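Student: My request is simple: use the sequences and hints to build the entire structure.
Number of protein chains: 2
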Amino acid sequence: MGFLREGLVLFILLCSFEKSFGSRKTRHLKWDVEYVFWSPDCKENVVMGINGQFPGPTIRAKAGDTISVLLTNKLHTEGVVIHWHGIRQVGTPWADGTASISQCAINPGETFDYRFIFDKPGTYFYHGHFGMQRSAGLYGSLIVDVADGETEPFHYDAEFNMLLSDWWHQSVRHQEVGLSSKPFRWIGEPQGHKMVVVEADGNYVQPFQVEDIDIYSGESYSVLIRTNQEASKNYWISIGVRGRRPQTPQALTLLNYAPTSASKIPFSPPPITPTWNDYDHSKSFSNKILALMGSPKPPRNHDRRIILLNTQNLIDGFTKWSINNISLHLPSTPYLGSIKYSLKTAFDNKSPPENFASDYDVMKPPVNPNTTTGNGVYMLPLNTTVDVILQNANMLQANVSEIHPWHLHGHDFWVLGYGEGKFTKEDEKKFNLKNPPLRNTAVIFPFGWTALRFVTDNPGVWAFHCHIEPHLHMGMGVVFAEGVQHVNGIPNQALACGLTGSRFMKTTQN
Amino acid sequence: MGFLREGLVLFILLCSFEKSFGSRKTRHLKWDVEYVFWSPDCKENVVMGINGQFPGPTIRAKAGDTISVLLTNKLHTEGVVIHWHGIRQVGTPWADGTASISQCAINPGETFDYRFIFDKPGTYFYHGHFGMQRSAGLYGSLIVDVADGETEPFHYDAEFNMLLSDWWHQSVRHQEVGLSSKPFRWIGEPQGHKMVVVEADGNYVQPFQVEDIDIYSGESYSVLIRTNQEASKNYWISIGVRGRRPQTPQALTLLNYAPTSASKIPFSPPPITPTWNDYDHSKSFSNKILALMGSPKPPRNHDRRIILLNTQNLIDGFTKWSINNISLHLPSTPYLGSIKYSLKTAFDNKSPPENFASDYDVMKPPVNPNTTTGNGVYMLPLNTTVDVILQNANMLQANVSEIHPWHLHGHDFWVLGYGEGKFTKEDEKKFNLKNPPLRNTAVIFPFGWTALRFVTDNPGVWAFHCHIEPHLHMGMGVVFAEGVQHVNGIPNQALACGLTGSRFMKTTQN
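From first to last, the protein sequence lines are chains A and B. When you line the first sequence up against the UniProt record's numbering, it's residues 1 to 510, in that order. When you line the second sequence up against the UniProt record's numbering, it's residues 1 to 510, in that order.
Hints were generated in silico from the structure; no laboratory data involved. Zero decoy hints are in this set.
Derived DSS-like pairs: lysine-lysine, alpha-carbon spacing no greater than 25 Å straight-line: (1) B/Lys506 to A/Lys344; (2) B/Lys43 to A/Lys43; (3) A/Lys506 to B/Lys506; (4) A/Lys344 to B/Lys74; (5) A/Lys425 to A/Lys297.
This one's a predicted model, so the numbers in the text were calculated from it and none came from an experiment.
Tutor: Set out below in structure tokens:
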């Protein structure tokens, strides 16, 4: 029913361009979120739009700018939040836009002021983070240019932005009820044109040239394209599904050299994307991504290591995803308020496990497929170095394991390495501590592991989860809380629900 | 796309039955609201269910009982409330279940305790009252028997309950966006069987015999049927649309005498319901409804008269419904809290008009079709007698006027009369002050008026609106506030949104 692609951003820069710089400032936006009719594939459907448009408006800003988005919820019965994917929200954890975690959802008719600083340049996006409102269409591009007086470590002449996302004919409510999920991988082959990858998730990388790229849900890249081909022709760009056998055809668009007519069809057929299960191709791409010289380096040692086993499980026969055998079910009181004010009944106070049974065989389906829900939190002291080992495993069905792109809020992390099978102490020796890339999203490959490192330098409560929205919906995530006692100034509106809503309400009558 | 019938209840009593009485008590229910798959017409769709069933569970209680419904919102992104249609909520106006009026919507994951007294026996129903959640399937039957030691003024042997509602294939979100509405009238002809109407909206009426009844959205009736026909046959019951040209066939069901097989099809064809626009038939039925002797009588005189002109209008080209040229748009802070605590910025403080221009021609389309939105309130002092004249008019299109069933919360009203054309001072002389029926819902006929009287004896804020859900959605309603300063004990949770949510939040930080 659906076609093409989760919320991803590919930012294409055409060489080489001299920037004009304005001055650092506060940008004020007024946005209304409401359903609109939209027919991207000639079949009319309802989609969540912003100011009457879908996808939402592109935000363009400079590093160091403050933004204020006055977001008015014009939905009739649904709350809403917006997550600013890739923005670390230093000092403003309540503006991270995660319902149940950083704030109460904005009620219908209410307006919330998302006010925060764009801490660094990059190609980002924003999207809903409540239920499956991202799948309902709530997203758009967010592009932060370098600050005044700074330059990028590459040059280009022009730029354009591709925001890739899935589109379904079935409503999100159908999807929620059915817990159905969609394949969500992307690959492009701009025929004859090479792409030079220069930025990933808002961090510069060592430039490397490819003919196609693997992009996963939650990721963003900037690539340079030299427009050195015959200008009288147009060129196919193919977009195909990765990681799960596709039931939809490749998507196609055209690279057009002005003033050539954009309706001129190329003579040659569109490029065929790599087969969906060519994981070696995918891994080869991931391993090419290395930090640009001069990028921040990771601490040499970690203070704590959390190993997270990703398994598909059952609860009362319903399919779920679990992390160390706990399927995340978010509480009605957002953690930021309940932890700050020590409301101990708001969530499970027991810390979730930091490892899994040593005899678990990641190459086989779970021996006991049953799991339980939970909403415990990993409490992390400030200014410690945390390693997370994401461990993939076989799903319920034998001989199947899928790719999952994990996204961390409030942070970038270093990707120290990828490996096959079960992570062992020996694997640590192969960690790349020299030039690991900083990312906010990283995949685990089938039956493999991925090692990440980050420093707990940002007081707040941060989600860490698989970015495939139905997988998060089915429990595939964890929550990190760090230094919440240092958070001050949470807006009342962000607390006006759940236990914080009822306990802190003081009227003359009560 | 859809078929059959708005939320209405027809309660059929089969003569004659000796009641067994229990004792007055508090009934405790635990309900979860969530979407479920349902296939009432063989096509699977999502519908809002309660405890996994659609329609929701039937509540059965006795007058004088207290009920506590612990309602947990298991929807993922939507708030929810439930209105107990026909229950006056004396002393518990926060339990009326009207979002933006009596309480904050219950957030996803939260539980609200609807605790109130069933003040009188009757055939009622309950339904969502937030956005178009009634159309989404949130409703069920609510039947209150007479109190212990009391008897009904009629006898019957057995009873069954028919809850009539519309069913659409299109989602509520599609409907909301499209502002589409559906015809919603009902009429039944239990062939060969006569029906004796004995109760309307929870008030006894003078029994009268009919072969079919007109039932409108928001209404409920009890009828007696004497099962005096040939028991070896089954009998068709036909249900047809009234008041708007139907695009769906009559719905059919069978009246079956046990132990005759229920699959035995009657020899004769099903009865044909009256034509959709046979308004004389409808008026004749309405005029037969008179209060049973001994029912409360209206005060002889009114203290205040509010005349409400019903017009179809435009705002920026969007079709709306307006009352005295104001299209109701509910505020994000529920009135009960904002009026109680004098939060003057929460809504328009200017009282809406109590009449319309004397030269307005109700027989013609509006000369100036444009209108504006508003959320002002009619402030009513306690213990006054208020007359409301509902004045129908021509719609935007010439020579068209439709039936609207108006429902009042927190009260029953006396229906003093129906008339044709524009209401004049002369019409007052024809008011029925002798035995007008008490109802909570009454219709206005095309191009006609309906006169209602009620006493402001119930402190609270009460919606008064057309019960066709899309019409309310498009602005067809007003709000009455009476003696709100006498309301005490509003639960904090009912205030935890909008201005009451943010102003009354006291945390250690703020």
